[in-house]
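Dock chain B against the given chain A, drawing on the hints supplied.
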Amino acid sequence: MKSNRGIAGSSLSQLTMVRYREFWREPEAVFWVFVFPILLAAGLGIAFRNRPADVLKIGATTQQLAAALRTEKGLSAEVLRPAEGEKALRTGHISLLALDEKSGGVVYRYDDTNPDGRTARLLAGYAMIRASGVRDPVPSRDDLVRETGARYIDFLVPGLLGMNLMGSGMWGIGFSIVDARRKKLLKRLIASPMRRSEYLLSYLFSRLTMLLVEVAALIGFAVLVFGVPLRAPVWELAAVCLLSSLSFSALGLLVASRVQTIEAASGLMNFVMLPMWIFSGVFFSAERFPNALQPFIQALPLTAVNNSLRATMLEGLPLYQIGGELAIIAAWLLVSFFIALKLFRWR
Amino acid sequence: MGETSRPALCVRGLRKVYEDVVAVDGIDLDVYRGECFGLLGPNGAGKTTTIEICEGLLSPNAGSLEILGLTWAHDAAELRQRLGVQLQETQLAEKQTVAETIRLFRSFYRTGPSPDEVIAMVQLEEKRNARVGKLSGGQRQRLAMACALVGDPDLLFLDEPTTGLDPQARRQLWDLIQRFKTAGRTIILTTHYMDEAEKLSDRVAIMDHGKIIALGTPRELVASIGVDHVVEFASEGAAGLIDLAALERLDGVKRARSEDGVLQLQVTQLHTAVPALLAELARRGAPLSELRTHSATLEDVFVTLTGRHLREE
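Chains as they are written, first to last, in my numbering: chain A, 1 to 347; chain B, 1001 to 1313.
Next comes chain A alone, as it looks inside the complex:
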């Protein structure tokens, strides 16, 4: 009856296999982790793809004015009656309305808080100067640069990657631990000779391999389809992803350390993640928030992760130059992990 160990293999590999199967047999999880970020990157990449420099639509109240303004190729001037022009301006069809004054001057009506309005104003002013026969006082010519790495998609992909690392790291560990606790499976496991550290390690191992696939899928897609740059060596990006993922997993462990129900876990997860979705610069730069908020925003783990990913991918900065950001991520990892171990309940 008695037989030796080895039939079933080591318990660590068995526990890790359980983690893989839990993931791959849950189609929704596979979708959210692998497919969703790619779809999002594709959608946003297409919506915000770079077009030739915009031609701004403006209005002019006389033929003469319109003709003068058309000499500027960045403007498309249309002749409108004043009332029509006012309406077009209000509804955003044109960025600027040029009205002639009886004195012979021109009045520019535009919204100076709107970048298009300001651009149109500058171009219109320049066009009128040229129309009056004045030459450039200093000879000049244009030399155009279209840099990859400065497009919206380039900004977006590291943000999506950061968001994905957060979601899969926190949910990946948090959800299944709370679920196992709720089902009293954790209690059953600790009644067996299972090593508790191996249970935790199985999450770590499955997370690491999943991380590899997850990052490779999103980055591969972004590089091949959108030509998003990858300026730092791959191992540096891998190191940033690894540290980030561990940090979010520790945070997930902390959130899951005592919660008894899935509902409570979801609430707590969203409470932790929501501020980061908003403030941490996934879709737009975190620097747009007021200065007063910046210390808080910069201390969030996802902000540090996104900054590190952008610095590595887009600027190609070596790791020692983003030491501050990495230190923030590591601090979150250590603090969350040790508090989680203190608080953790198996039942």
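Bear in mind the hints are in silico, worked out from the structure with no lab data behind them. Source: prediction; values computed, not measured. Treat the hints with caution; some may be incorrect.
Using 25 angstroms as the maximum straight-line C-alpha spacing, the simulated DSS-like pairs for lysine-lysine come out as follows [stated by the list, open to error]:
| hint | chain 1 | residue 1 | chain 2 | residue 2 |
| --- | --- | --- | --- | --- |
| 1 | B | K1134 | A | K187 |
| 2 | B | K1095 | B | K1134 |
| 3 | B | K1134 | B | K1181 |
| 4 | B | K1134 | A | K184 |
Not the full set, but computed from the structure, chain A residues with beta-carbon under 8 angstroms of chain B [as the list claims (entries may be wrong)]:
| hint | residue |
| --- | --- |
| 5 | S11 |
| 6 | E22 |
| 7 | R151 |
| 8 | D154 |
| 9 | R188 |
| 10 | M194 |
By construction, the Cβ of each residue, glycine as well, lies at the ideal position given by its N, Cα and C atoms.
What follows is chain B alone, placed relative to chain A:
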């Protein structure tokens, strides 16, 4: 090994107090090697708390506990290797198959049968590759049993193994447990089904309010109330006509009690008590609408000791 002569489980003065309830109130227990020991009692009697203390999942507030000559304080790792545990209400991971679940649990133990052998032991061969989520209640319970058996345990704990199962699944599980018994395993089982305790246990401890109120073989316990049979009858519209004292005076009747319009007599001699009862009813002109008799059971023991039933809602 000198330890074979000692009880498999030896509990003295065990006490567990939760915030406002005394769950286990100073119990002593000895469970011998090779026996199947039943802890019988209603829900909330403290059975699960007792068994979870023995399994090392809870720590007692007072008392001593020795299992297989070992203690949780000194030999926790060794004990976990040698105990087989089936908890009340564990839901195993639904997305794993039967074989995967058993392989996982098998990997925790130094020795034991192969996963296939265990699957055969609990008769789940046909479900070997089925996901846990697709199993019936009885099959899940057998899988839980398999997880308790993979380490070839010296002592097997079964906490309410058949609660919530249909009669057929219960009987199947009883057959399994009976086979473990004949294989010479030591089993400790909790239940609130008196028939389960009676059928499976060599000895039974009846628990109520955290205390052991009776202990012995099922036969000894039944004999202790000095009653062989129980007669239950109902008499239409006559409940008021018959007083319990009069019934207790009947020949061969030891105790009488009334419950929901049914009168219950604990009798020592069925052959004298029933004719005496019929004569008494005829004399009072009370027509008999129901009459049942059964041999005294552990349920009757519990009722006699506590005045309540095991399964009071």
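Checked hints:
With a C-alpha separation of about 22 angstroms, the suggested pairing of B/K1134 with A/K187 holds against the 25 angstroms cut-off. Between B/K1095 and B/K1134 the CA atoms are separated by roughly 9 angstroms; this keeps the pair inside 25 angstroms, and the hint holds. Restraint check for B/K1134 and B/K1181: the C-alpha separation of about 29 angstroms exceeds 25 angstroms, so the hint is violated. Restraint check for B/K1134 and A/K184: satisfied, since their Cα atoms lie roughly 19 angstroms apart, inside the 25 angstroms limit.
With a least beta-carbon distance of about 4 angstroms to chain B, the hint placing A/S11 at the interface is held under the 8 angstroms criterion. For the restraint placing A/E22 at the interface with chain B, the shortest Cβ-Cβ distance is roughly 6 angstroms, inside the 8 angstroms limit, so the hint holds. Nearest Cβ of chain B to the Cβ of A/R151: about 41 angstroms, over the 8 angstroms cut. The hint is violated. Taking 8 angstroms as the C-beta contact cut-off toward chain B, the hint placing A/D154 at the interface is violated, the least distance being around 39 angstroms.
The restraint placing A/R188 at the interface with chain B holds, with a minimum CB-CB distance near 4 angstroms, inside the 8 angstroms limit. Here the hint on A/M194 is kept, as its CB sits about 5 angstroms from the closest CB of chain B, short of 8 angstroms.
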